[in-house]
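Could you slot chain B onto chain A? The hints should help.
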Amino acid sequence: MDREPLQANGESIMPDSSHFVSAASLRLRLDWLNRLRWGAVAVVLGSVLVVGPWLKLDLPMAGILTTAGGLFGLNLLYVVRNRRLPPVNIRSEIRLVKVQMVGDLLILTELLNLTGGLENPFFFIYIIHVILASLLFKGREIYQIAALAVVLFTGETLGEFFGILPHHHLLSAGDMTHELPFVLAALGAFWLVMFTCAYLGASIMKHNRAIKDELVERQASLVQADAEKMEFFRFVTHEVKSPVSTAQSAVEAALELDGDGLSTPVRGLLERGLGRLEQANRMVRDLADLTRGGELRQSEKTELDLGSLVAEVVVRFEELAASEGVGVMMKPLTAPVILHADANMVDKVVANLVGNAIRYSGGAGVVNVAVIGDADGVVLVVSDQGIGIPAEDQKRVFDEFFRTQRARELSGLGTGLGLAIVRRFVRRMGGRITLESEVGVGSKFTVRWPLEIGNDEETS
Amino acid sequence: MSAKTILIIDDDIDLVEILRITLEAEGFRVVDAQSGERGIAMAQAENPDLILLDVMMSQVDEGFQTAYALRQDERTMETPILMLTAVTDQTGFEFDPSRDKDFLPVDEFLEKPVSPRQLVDLVRKHMPTKI
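As they're listed, the protein sequences go chains A and B. Each residue of the first sequence is one higher than the one before, counting from 1 in my numbering. Each residue of the second sequence is one higher than the one before, counting from 1001 in my numbering.
Some hints could be false.
What follows is a set of in silico ranges between Cβ atoms, one per label pair, in the way DEER data are often shown [said to hold, decoys possible]:
#1 A:N208 <-> B:V1060: 45 to 55 angstroms
#2 B:V1060 <-> A:V79: 32 to 42 angstroms
#3 A:P243 <-> B:P1105: 23 to 33 angstroms
#4 B:Y1068 <-> A:P243: 27 to 37 angstroms
#5 B:E1074 <-> A:P332: 49 to 59 angstroms
Just so you know, the hints here were simulated from the structure itself, not pulled from any lab data. Virtual Cβ for every residue (Gly too), placed ideally from N, Cα, C.
One chain only, chain A, in its complex shape:
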């Protein structure tokens, strides 16, 4: 997908004449246009040096080789320019492509003139130019290329017909290029094919363009909706935090100061209330984590050994694991796995995944934790042999407040925010998280981070 919607000067560039939104993305396409041109040179040379003598064609070799040499030279120039000069802006880049395509059409026409004109079936190559134009340009520009091709080839054909241009026979039998009905029929068919191609190319690309625009628009509105949701969560967290926290302190103080003097039912009621307040406070803390805004500052990034960090988290969860009757295994590492990231965020990710794996193991089995480092980045895998997540819920487990039916039955303590925090933190650090799970078999969460963690825009 073409990103970089802005130029260095901040000017929005979505030129009317092209599908491309950045000079860099257009450059990538030009690379294969250059490769195509090398192919054309090879085909011309192969044809005149191998096929020509084999079919005993009497062709003006000097002219053909000079023209092919011209194409070779021009393409070399284009390639060197593309490699040496960085793209400045898309408008100048598009202008250059147009110049290149006009040059290509002129060279093709010249080669056709040297190799039989209308007799040479390679005049179909004009169609390739129209298709290329429909990939690179849109609307009028495509028809302009088609029209130029039509004018050039019609001129060439009529030029030969009227004897203005020399005709080089390709075929030994007869000379069709001077048969008016044939010339007219062939040109008519050629015009029809060229403009039909231009029309189809333009329509298909217009349709694609509309789909792409819609996708971009939807993506933008999703990002906007997500930002608004986070803002709302932040507001609610801010407003709710203080009363809930004070209420919890009040109940705790009451139980602490006079708990023994209370009747059992009253004490029970207060303890229940305290339990719910603690839950509400957990929710507030998780929401605060979830809505922790701003970009990852350079100062927040430290060089950390993911292996040691994960090992520390595993130790922290030993007590919970033992009380749940679950074993936690971590594959020993032979070398440190270094990650440049926010240690606090990575800790939260690991702790949420390991904690969940233990809590939802169903009181048995083993949680396996693995850290793998390679040239592409760092991988963290947390797998359990627990209750598993139904297929229909797997996409939603990362949504805020979503908890599977089974998770709700198993633990009343969860806030439904743990995995939402995990996904948000993983993405903020430029990573990806995937889930494989089967009910009754277990779940496996895989986090992949690039080695150098950047600032993800949370759009993925």
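Showing chain B alone in chain A's frame:
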């Protein structure tokens, strides 16, 4: 020996009441102020043995400003300050007294919700043994 005095600076009057009852039950004398400015005046007047200071009052950083002012005044320069914080939830700040000591001259951070047991333990830990 007279009871040790604790000054609570917090604009949440319910929390102040909870802390007061908890601390008075432990034999401390409690005075309070609902803003940083009044807290500083109260500290100068009462010469407390320890100060409990909230971070966020009417202004986001009111507690920080108050802590600086208290540390600059020679009457309260040495008074232990326990800072009540919920800032972690708000701005993404994470306090670590060992790391932030130079940055912010308080003796301990206590995250809300404040547990009475933990509060009393920390107060006893930081309460000067001699006046």
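Status of the hints after comparison with the structure:
1. A:N208 <-> B:V1060: 45 to 55 angstroms: Given about 50 angstroms between the Cβ atoms, the range holds.
2. B:V1060 <-> A:V79: 32 to 42 angstroms: Cβ of V1060 of chain B to Cβ of V79 of chain A: about 58 angstroms, so the range 32 to 42 angstroms is violated.
3. A:P243 <-> B:P1105: 23 to 33 angstroms: holds (30 angstroms)
4. B:Y1068 <-> A:P243: 27 to 37 angstroms: holds (29 angstroms)
5. B:E1074 <-> A:P332: 49 to 59 angstroms: Because 56 angstroms falls inside the window, the suggested range holds.
Going through the hint list in order, the structure does not satisfy hint 2, though it satisfies all others.
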